[in-house]
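Protein chains: 2
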Amino acid sequence: MTYQLYYWPGLQGRGEFVRLALEEAGADYVDVARLARERGGGAGGLMKVMADRSQPFAPFAPPFLKDGALTVSQTANILAYLAPRLGLAPEGEARRVFAAGLQLTIADMVAEAHDTHHPIAGSLYYEDQKEAAKARSTDFIANRISKYMGYFERVLRRNPDGPEHAVGDSLTTVDLSLYQLVAGLTYAFPCGMAPFTEACPLLFRLCDAVQTRPNIAAYLASDRRIPFNESGIFRRYPELDQDGTWTVEAA
Amino acid sequence: MTYQLYYWPGLQGRGEFVRLALEEAGADYVDVARLARERGGGAGGLMKVMADRSQPFAPFAPPFLKDGALTVSQTANILAYLAPRLGLAPEGEARRVFAAGLQLTIADMVAEAHDTHHPIAGSLYYEDQKEAAKARSTDFIANRISKYMGYFERVLRRNPDGPEHAVGDSLTTVDLSLYQLVAGLTYAFPCGMAPFTEACPLLFRLCDAVQTRPNIAAYLASDRRIPFNESGIFRRYPELDQDGTWTVEAA
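Those protein sequences? They're chains A and B, same order as listed.
Per my numbering: the first sequence = residues -9 to 241.
Per my numbering: the second sequence = residues -9 to 241.
Bound-form chain A, shown alone (with noise of 0.2 Å):
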């Protein structure tokens, strides 16, 4: 059975967390928004979609996944449906709902950096917020990275299996998704992420692990990788930007 990704086309968002487990599993998808406008691509087919009032279990927003006749909304509730189906899950229950924790967090801070060039309303412009933006950027910098990467960093120190992986002793979409995340914050903050690098070595290894898999590698290298851009949840406002720091007390 094809799965079928549905999410806006143009931007990476949180689509790209589902892609990159599609990818790297080699499974059959569609990302349908994608699709030429008379196969029922772009925004408008998604828009109809997601407007057809006949479905019961309807999702609030995109991303959703259609695998027959079943639909699965939300990122990490899509991820923790697809994992043991793609091979991308731990073993046992202890460390299942451990990744299901992190993903959660995961989807935390995509939250957050999203807000830091929307902190008012997702139906204002950047340029119409954009004083709040530089607060809530400069809060995010100084507080929350840190935060948030040396927590991912600890959790491959301790992880019992080994500080390969975040999880167990294999690939998880975990895994994937912090590649994800830190791609991203570095392609929005390279000055504000920069300290990381050196502060988190595990996480960054684990990065480039990720991205030289034979599948990622070839998926970031193909047009199916739309680049990260203005429109996605990843911005690169320069104005945005200022140098990260490494606190001793989140290590």
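You may find that some hints are simply not true.
Straight line, CA to CA, 25 Å or less: simulated DSS-like cross-link-like pairs of lysine-lysine [unchecked claim]:
id, chain 1, residue 1, chain 2, residue 2
1, A, Lys124, B, Lys38
2, B, Lys38, A, Lys137
3, B, Lys137, A, Lys38
Distance windows between CB atoms, simulated [said to hold, decoys possible]:
id, chain 1, residue 1, chain 2, residue 2, range
4, A, Glu154, B, Arg43, 19 to 29 Å
5, A, Leu60, B, Ala33, 39 to 49 Å
6, A, Arg29, B, Arg147, 24 to 34 Å
7, A, Gly30, B, Ala59, 40 to 50 Å
8, A, Met(-9), B, Gly152, 29 to 39 Å
Treat the hints as calculated values from the structure; they're not laboratory data.
None of the values given here were measured: they were computed from a predicted structure.
Don't be surprised by glycine CBs; every beta carbon is placed ideally from N, CA and C.
Chain B: place on chain A using the hints.
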């Protein structure tokens, strides 16, 4: 086995979504931070557990739940873990997957409700971000409440098992969480929420049904239920409230 819930004392916060599930089911649990200090309670006891760097599967933030040797973090993940154990999960994969998506959509709205009073930084006082808080609250009331409430009302209306529950034909953690969400929003934004009593009759009927269930009613009347206050997620700052609008396109 007694469940141990770890959450900040003195506020409902995200911990309340877990408490409601445990209370409805009459589960054996301890709200650890509310114990006396000599028994490991208080914020200090919580922070000591958080700071224990010997734990391999450490949570990023409260709430988290200990069930024997297992630690479960993130509200939606805790509820997904507890639901089948407490008889609060729907039957079948389609409904379980949909319930998990709803639980995460509720979590998203909770985070947005929090950011109405802290749009710039959790590390700053509300008083130091009041202007941005007013702007964010204005958008939240004008656009977000309507969008979310309209969605949840539709979910109830379209439930193939009947409009008494969000998913399936019996009470789930989603119903309990919707009650808490609506109660919190109504506390924080009495004017902003006013139109929805009429616009979302199924949602408010569900909330009434939840709060009159014997175990929930007993809990709400007990001193285990911390009153809403201005340390929590849902805060009543009258200057942030304004008349709500119900837009037809959300119907």
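Evaluated hints:
1. Simply put, Lys124 (chain A) and Lys38 (chain B) have alpha-carbon atoms about 34 Å apart, too far for the 25 Å limit, and the pair is violated.
2. At roughly 17 Å between alpha-carbon atoms, Lys38 (chain B) and Lys137 (chain A) fall within 25 Å of each other, so this suggested pair holds.
3. Pair hint Lys137 (chain B) plus Lys38 (chain A) holds up; C-alpha atoms about 17 Å apart against a cutoff of 25 Å.
4. Separated by about 20 Å at the C-beta atoms, Glu154 (chain A) and Arg43 (chain B) satisfy the suggested range of 19 to 29 Å.
5. Between Leu60 (chain A) and Ala33 (chain B) the CB atoms are about 43 Å apart, so this pair conforms to the stated range of 39 to 49 Å.
6. Look at Arg29 (chain A) against Arg147 (chain B): about 32 Å separates their beta carbons, and that is inside 24 to 34 Å.
7. Checked against the hint of 40 to 50 Å, the pair Gly30 (chain A) and Ala59 (chain B) passes, with Cβ atoms roughly 49 Å apart.
8. Between Met(-9) (chain A) and Gly152 (chain B) the beta carbon distance is about 30 Å. The supplied range of 29 to 39 Å therefore holds.
In this structure, only the earlier hint numbered 1 is contradicted, and the remaining ones agree with it.
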